[in-house]
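A.B. asks: Put chain B on the given structure of chain A with help from the hints.
These protein sequence lines map, in sequence, to chains A and B.
By our numbering, the letter at position 192 of the first sequence is numbered 192, and the numbering carries on one by one without gaps.
By our numbering, the letter at position 207 of the second sequence is numbered 207, and the numbering carries on one by one without gaps.
Simulated from the structure, these hints should not be mistaken for laboratory data.
Quick caveat: nothing in here was measured; it's all calculated off a predicted structure.
Built from N, CA and C at the ideal position, the CB exists for glycine as well.
Misleading hints may appear alongside valid ones.
[What the hints assert, rightly or not] Between beta-carbon pairs, the in silico distance windows are: (1) B:N309 / A:N204: 47 to 53 Å; (2) A:K76 / B:L198: 52 to 58 Å; (3) A:N204 / B:L152: 44 to 50 Å.
[Claimed, not checked] Taking lysine-lysine pairs in the DSSO-like style, the calculated list, with each CA pair at most 30 Å apart, reads: (4) B:K248 / A:K110; (5) B:K248 / A:K117; (6) B:K162 / A:K115; (7) A:K115 / A:K163; (8) B:K248 / A:K192.
These are the residues of each chain, in order.
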Amino acid sequence: MSSELLRIQGITKKYGPNTVLEDVSFTINSGEVVGLLGDNGAGKSTLVKIMSGVVPATSGSYFWESKEIQNVNRQKTEELGVETIFQDSALVPQMTISRNIFMGRELTNKLGIMKTKKMDEIASEVLDTVVTIEGIKSPRQLVQSLSGGQAQAVAIARAVFFKRSLLILDEPTSALAVRATEALLDYLRQLKSEGVSSVLVTHNLHHAYAVCDRHIVMNHGKKILDVAREDTTVEELTAAVVGGVEGLRLFRESAKK
Amino acid sequence: MPEKESPKGDQHVLTAPLATEALTTARKQKGRPTDFMGAVRYELQFIRGRGAFEISIITGVLVLCYIVASIINPSDFAFLDPYNLSGVISQSIPVLAILSIAAGVLMISGEYDLSLGPALTLNAIAFIRGAEAYGLWFGIFAAIASGVVVALVNGLIVVFTKIPSFIATLGMSFFWAGASIFLNGTNAAMLVNSRSDLMVFLFAQDFGTFRSQLIWLVIVGILSWIFLHRHRMGNHIFAVGGNAAAAKAISINPIKVKLLSYAFFGALVGLASILIAVRTSSIQPGGTATADFTLFAIAAAVVGGTSLNGGKGSIIGMIVGAALIELIKNGLLLGHAPGFYITLFVGVTIVIAAVFNKLMEGKAA
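Chain A on its own, in the form it takes in the complex (with noise of 0.2 Å):
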């Protein structure tokens, strides 16, 4: 079976008097798709942010492959190969697709030059053949020129490229096309097909379903579902995103009926 990737254990964040997440555990296995569901307000921004160690969490413990990480922040994890891509803001629109793809990880000579030939034909054989991206004429256009899905599979090809053992994706699906989607939901196909994990962070069930290995649901701050697809439905993760603990329960009664 798959070895665990990241475990985090009883999280708590608070803002002030605020809880915003409470007591909340789970684990990412290495090569799988979790969907992390809930409505809005239900505390899975803060969950993102905190797992890609952007904001520090009150209490609770983060481990990686087993190991404890002591004071995670940005720096920890993108040495552990977390990688966030936040809806349309994980490129630079105004720089062309390579700039763009080696954005703070340059290949350079010993001065810090960038060498930039090198940097357009890899960046080419990326869009090539890391994931397959439709309608890119060159890495030498800039990213405006691209569309959103366009654009999301250029941020996930760079996460895949400079191989990224975790990848967070914040509401991808939002902004597209139902095509552009469908294709995103492939991307994630592909990655899980070369071992990467990957959290999709969504309110839409459908999507998540149609990818997700296993689906987390919560609400008002706390874990109320950790569930393999095998073993849930739409329905229930549905009344389980709308209705909190109290609809989970009623729908599973219901359900016995």
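C.D. replies: Quick look at chain B alone, frame taken from chain A:
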């Protein structure tokens, strides 16, 4: 075998097996034409709409018109006269172009510095006082150091208080104007004993058809181009100015990058202040002689295609933008336009250029 590309050997640097021979030789860049005209057209689609290209053509046409006019009627439109070329063109364009590069790079990082004019005065005074007291080399050091310190103080205020740089540096411009009077008194700082042949040779020598300033522009232009367009730090400046959140997500530190841009800005303002000080030999503290440069530098960068919102611009565009503004001024003077409202024409040109750039922006591939 995975290929190590980074001197630092960072973990996140290329380790994927993509650099293998099979892959790099498999397909270079798809759809790339091999015939000459096809290749030209292919290259053009990436240059069009990115600022510098269109404005360069306009400037080229303008220069051509000037040259033709000057050949047809040298006495009435003395553009090619050595006095005009060396005394006007090669004195005015380099200073504005260097300041335009300074302001432009800072604008690409997403920030402004509206204290450029007063900072010029302060740096020039630092140069004159330093050179008078301890000699030329100390003066040069003092001017550059003063430029960097002034800009970094502005930069620190901007990045740590998160006040929009427009407001923060507008306020600081009054502070630095006052500081120059505080440090120097109200009398003009003058280059007297230290004004040596070497100093003039370095910063204001007349070589017949051009002056030392033009050489400085070439040096600054090439180094800035390498820094902005070929160095990884330049790439980070574009990234932070274009989308700070995306840069941050990839673990680029926007604060560091912005402070670097401010320091770069300050160093170039320091250099420009030396060029001005050696040319004029005296600087009036708190004076308004340098005040125009603040907005002209920004205007030149915008004319050259630099975005007011950050993330977009080029060194060539900034130089051409500065050249275009100075050439228009020069043409109007040579054409005997009434001197009082010459700025009227300059203003119209800047607005037209900005509108033009806006229209072109949509065409970027």
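A.B. asks: Determine for every hint whether it applies to the structure shown.
C.D. replies: Consistency of the hints with the structure:
Roughly 32 Å separates the CB atoms of N309 (chain B) and N204 (chain A), a value that falls outside the hinted 47 to 53 Å. Checked against the hint of 52 to 58 Å, the C-beta distance between K76 (chain A) and L198 (chain B) comes to roughly 54 Å, which is consistent with it. About 47 Å separates the C-beta atoms of N204 (chain A) and L152 (chain B), a value consistent with the hinted range of 44 to 50 Å. Distance restraint check for K248 (chain B) and K110 (chain A): the Cα-Cα separation of roughly 24 Å lies within the 30 Å cut-off, and the hinted pair is therefore satisfied.
The hinted pair formed by K248 (chain B) and K117 (chain A) meets the criterion: a straight-line CA distance of about 25 Å does not exceed 30 Å. Among the hinted pairs, K162 (chain B) with K115 (chain A) is inconsistent with the structure: their alpha-carbon atoms are about 34 Å apart, more than 30 Å. Straight-line distance between C-alpha atoms of K115 (chain A) and K163 (chain A) comes to about 20 Å, which keeps the hinted pair within the 30 Å bound. Annotation: proposed proximity of K248 (chain B) to K192 (chain A) holds, straight-line Cα distance about 26 Å (limit 30 Å).
Violated hints for the displayed structure, listed by number in ascending order: 1, 6.
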